[in-house]
Amino acid sequence: MAFSIYDLTSFNQWVDKGLNSVMSPLWATITEMAIIGVVFLLFYAVVGLFLVYAERKICGFIQCRVGPNRVGPYGIFQTIADFIKLLMKELVPINKADKFLFNLAPFIIIIASMMALAAIPFAKGIHAIDFNIGIFYILAVSSMGVIGILLAGWSSNNKYSLIGAMRSGAQIVSYELSVGLSILTACIMFGSLQLSTIVESQADCWLIFRGHLPAFIAFLIYMIAATAETNRGPFDLAEAESELTAGFHTEYSGIKFAFFFLAEYMNMFLVASIAATIFWGGWMPLHIGHWTGFNMVMDFIPPAVWYLGKTAVIIWLMMWFKWTFPRLRIDQLLTLEWKYLLPINLLNILVMALVVLMGWHF
Amino acid sequence: MSNQELKEKIQALLPTAEFAEGGKWLTVVIPKEKIHSLCKSLKETPELAFDFLLCESGVDYPDKMAVFYHLESTLHRHMLVIKAIIPTRENPEIHTVSDLYQTANYHEREIWDFFGINFKNHPDMRRIFLDEISDNIGHPFRKDYQDEVNIIER
Amino acid sequence: MNVIKYISGIFKGIISLWKGLMVTGYYFVHPGEIVTQQYPENRKELKMFDAFKGEVTMPHNENNEHKCTGCGICEMNCPNGSIEIISKSVISEDGKKKRAIDQHIYHLDMCTFCELCIKSCPSKALVWGQEFEHAVYDRSKLTKILNKPGSTLMKGVE
Amino acid sequence: MTEEILTTPLEQQEYTINMGPQHPSTHGVLRYVVSLKGEIVHKVEPHLGYIHRGIEKMCEKLTYPQIIHLTDRLDYLTAHINNHAVCLAVEGALQVEVPERVVYIRTIMDELNRIASHQLWWCAYGMDLGGLTCFFYGLRDREKILDIFEESCGSRLLHSYYTPGGLMKDINPNFQKRTKEFIKYFRKKLPEYDQLLTGNVIFQERTKGVGPLTKEEAISYGVTGPNGRASGFSCDVRKHHPYAAYDKVDFKEAFYTEGDTFHRYKARIDEMWESMKIIEQLVDNIPEGDYSAKMKAVIKLPEGEYFQRVEAAKGDFGIFIISDGNKTPYRVKFRSPNFCNLSCIDLLSKNFKIADLVAISGSLDLVIPDIDR
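Sequence order for the protein chains is Y, E, Z and L.
At position 254 of the first sequence (counting the first as 1) the number is 253 in my numbering, and the numbers step up by one without a gap.
At position 147 of the second sequence (counting the first as 1) the number is 925 in my numbering, and the numbers step up by one without a gap.
At position 109 of the third sequence (counting the first as 1) the number is 482 in my numbering, and the numbers step up by one without a gap.
At position 144 of the fourth sequence (counting the first as 1) the number is 314 in my numbering, and the numbers step up by one without a gap.
Note that these hints are calculated values from the structure, not bench results.
Hints are supplied without guarantee of correctness; some may be wrong.
[To be verified] For each label pair, taking beta carbons as the anchor points, the in silico distance ranges come out as:
hint	chain 1	residue 1	chain 2	residue 2	range
1	L	H212	E	M903	46 to 56 Å
2	L	K447	Z	K378	31 to 41 Å
3	Z	M449	E	Y923	23 to 33 Å
4	Y	N156	Z	E406	40 to 50 Å
5	Y	L346	Z	G405	38 to 48 Å
6	L	T178	Y	K95	14 to 24 Å
7	Z	G445	L	K347	34 to 44 Å
8	Y	G36	Z	Q411	34 to 44 Å
Nothing here was measured: the structure is a model prediction, and the numbers come from that model.
For glycine and all other residues, C-beta sits at the position ideal for the given N, C-alpha and C.
Okay, chain Y solo, but in the shape it has when bound:
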């Protein structure tokens, strides 16, 4: 296939061989893990900073203003300046807080989002670990974040934080269902939970085109549920600025707050990249039927660009939602999940199974 020019598998194997030839296999594995860890940390920081900047610019344009434009050209260093500010800020100690849990909470949140990153295929060959149950792993790990939120709310010894955390608990636990079911709809089509297989099987046609109506509905539901799961947009009840001042992270300051902040954007990135991987074909270029010339041109765009581009579009969608809609109330949030998304989702799975069974897809 044409995109083999961008295949990095051989490069990975070459690195692996090189390391194994100079040291024992155990040390080689440890070195590899360390390299991957450093790369992911860097990636995490860069993506987090970029997304904060992007969000501020996008909401600026939506709101008839220009957004940050003072630090550096077009304000691109604004988030770095903010980050330095957050690093230097005082960590306000809370007297009656449960110190251990209070300090633990931001790490749980940030670790949960980082672990999920491991299973994302960025391009052919750029894949930290290719589980055969990749989707299952991502779902399991990313839902760990709610523990961090609950801990943060509980240990702050603040009434607003507690309400925010409880809201968040109810919200994430119930929206987990919709996320799972909508991904399940897609998995019926693929017959696999392995992310690399899922991407490969979309080589000719992305799922959202291949599975047409049921896939589109599943994508919509996934977007709604995933936005809710990241505590963003119209579903930011856990923070609910105008009701609970800042919800579960009211008492956090400085770098601990930065952790929550970074984790929020990272979760958004994760959710968007899962959507891109499952519904929009991950790093697969856009191919249309037998238009060989067109397909060839598309193949020359590197897979990493495809992947990041798709993720960026989905993130932009989520930001667009956030800056347009008012916030839901907690009972409406649960009504939306249990009375609308869940029944539609179950019906959608049936339709999808029928489509696959009868071969009505492309």
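Given the coordinates of chain Y, assemble chains E, Z and L onto it according to the supplied hints.
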């Protein structure tokens, strides 16, 4: 209803009432004991139907205190001013109208806060603005109120 | 019936959300609609309206003369004591003793820009200045003396 | 206290939170002490007085023209209308005939100010409900009105533009042109408000049926302005006790009977349309003439009591002056609409959720300096 007609109606309700005219609305001057019964009958008489208490304000005169009630009828659109005289400035007391007009609840708390007029039978007679400060700061809108620090005479 | 209501509810909801998205989407793709001003950069072009109430000033002409007679009407009219007038007596040309202004002290930090001093001035000695960048590090800098040192009363103003 | 917590069963305990004095949705320094049961509001108790400045007491030491700049600072969003009340009270007491030009300009300015106030309310309300973009759209359009004010009055918020007898200075020659431009602009932008917020299904779900107020309750609690009219309480002072040029213009009272949060919202949106209609009828017909009647240098009101009502953006604003014949009033009382509107907050938000409390208190359009005076 014109002021003259109102005057006759109210005279029938309360023969001891005095009237002060000259403003655009009729002013009834009554002693403090009559206020609740007058307001009740004003509200309940169908052709008067004063159901809207627009404003309630306390006044500190040199030798007495007074509470002004500005009433409007949302049905007939006529207005009436009641001036209830409290003859003493020491521990003044008057009956509340907050059971007839809910809005009087806050207004009367404000008057208690600033003038020290106590409203009998009020459900919640506390200071409304100055409750956070202290109880012994007195009643600052009285004319004899002294505060060397915050009031600057010019 | 309920099913129809349920489904139409979903579609109506989606349409109403789409309408909102179109409004924000329109502004996102039309950067020409941006209304914010880039303040310190546009300081040169930034011109306040003629009537703008920046601060009270006392215009002086080229001979360092003003119109203030020191009558004290502005001080009397000021609701919060932001004007203080210190007068002195001078001997005029024809040998008479006359009251004149020594210092017209204006406390900008207390001023509420109610315009009563300017409106009540009988000799029109005070006007609004257009200055609006009043931020200083020391509050005492906001106390200004409006008549310039050595200035005298303009001829013909009583 | 601890013992009480330990002995009371958990279901009977109330979870008390302080909303304010520093809280994003109380729009200033208002403090609610909210008793919750889970997310359900059980009791709301407003604590006032954080910015009480004693304006009524200060007025007793000031002359009538000096009072005006203090009324700016009551409901700072409708400075013109508050000034109007004082001017009308003084003019009525002295029986001064103000020039027709002044009457027209005052009416137009009042209506512009009403629109500006409702715009700010709209954007703050959108933000209360979590739609942050509304805030910028509302402020963007409000800037245009503030520019009109600045050109004529010299300031954007606290104008002190009216004096007893007339105006501080004449309007700018551009005033009519700019006002007409603004009306044309805003007629295009107001439907956008509807698309963004009014029609939005989330917004409607959040507001419809929330915090209902019946007509009887509205009258009893003295809830006036758009809040009262949404409940079916016809309380427009401009209609029932016309002042300025309101008897010359044709406009409708924004009127609903449901009385819930959504209709309080709708009433304000309708009022913006009606205000634009009023301005359109007047702006071309401003007569020529003086911008102020001749007044004495020292204004002394004859002995007596004077009450003047005007329709402010938030409701029925009244000023009650008791004069003893001096140049300063003996007693001044401001009947501030927000003070009365606030008093029903406990009634409205009982048994609703904490998010609804934010929606309800936002829909009452409270301005705290007007409550605290």
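Hints the structure violates: just list their numbers, smallest first. 1
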